[in-house]
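Participant: Sequence:
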Amino acid sequence: MYDIDSIGAPMKLDFKTLVTLLIPLTLAAYSANGYADAALSVAPGSRLVERATLGAPYYVLPVSSIRKVNGIIAAEHNLYLTGELSAYTWEIVPGMGPERAHLSSLSQLQQAGADILFDCHGRACGSSNQWANQVFHESGLYGLDEQQSYTALKQTVPGGVDYYALYTTQKGNRKVYLHLEHLQGMTQHIGQ
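Residues in the sequence shown are numbered from 0 upward in steps of one, following numbering that gives the first Met the number 0.
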């Protein structure tokens, strides 16, 4: 594939360069829909490692930390929702800690109109293993309990309400991951 550089000479674009140029354009196109996650600007140099979109006929959004109660490890308070789920996982650029990555993304979601329903940091969130495996079903998110943050958010949008689950963790190898789940087009609130 070829393009013209600033002096008018042909310049070869490799696949990696093309993808690097197209991802911001794709996200900009999605942001025209007004959804906060589409406009989320993760730290430059970060890598989107997973993206999925699927119908969520039964989605559980934790609005409390995870605790062991009567032998069961779970969030004490949840919202039970249904809608279209978009999930994203980024490996954050080396040098940016989990707290900074989380606060930056949280700030962007709030600026887009999302309100915090629940927020926790470190061991106050509960077990990172449970967040990774039971809540998000992404074992790759399992990290250090003291280096995790979770925020549940709600955003009023034209035609309804959207919900977000933002989770950030640092693994033992010092890699930082940011995971965002966005439930949109919510048609039914099943219960609390």
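Note that these hints are calculated values from the structure, not bench results.
Do not take every clue at face value.
Straight-line distance between alpha carbons at most 30 Å, and here's what the computed BS3-like set of lysine-lysine pairs gives [stated by the list, open to error]:
| no. | residue 1 | residue 2 |
| --- | --- | --- |
| 1 | K67 | K174 |
| 2 | K67 | K170 |
| 3 | K67 | K153 |
| 4 | K174 | K153 |
| 5 | K153 | K170 |
Here the structure is a predicted model, which means the values were calculated and not measured.
Participant: Decide, hint by hint, whether the structure agrees.
Facilitator: Results for each hint:
With a C-alpha separation of about 28 Å, the suggested pairing of K67 with K174 holds against the 30 Å cut-off. Taken as a hint, the K67 and K170 pair is honoured in the structure, with Cα atoms around 23 Å apart against an allowance of 30 Å. For the hint pairing K67 with K153, the CA-to-CA distance comes to about 26 Å; that is within 30 Å, so the pair holds. In summary, the hint linking K174 to K153 is supported, as the alpha carbons are separated by about 28 Å, within the 30 Å threshold.
About 28 Å separates the Cα atoms of K153 and K170, which keeps this hinted pair within 30 Å; it holds.
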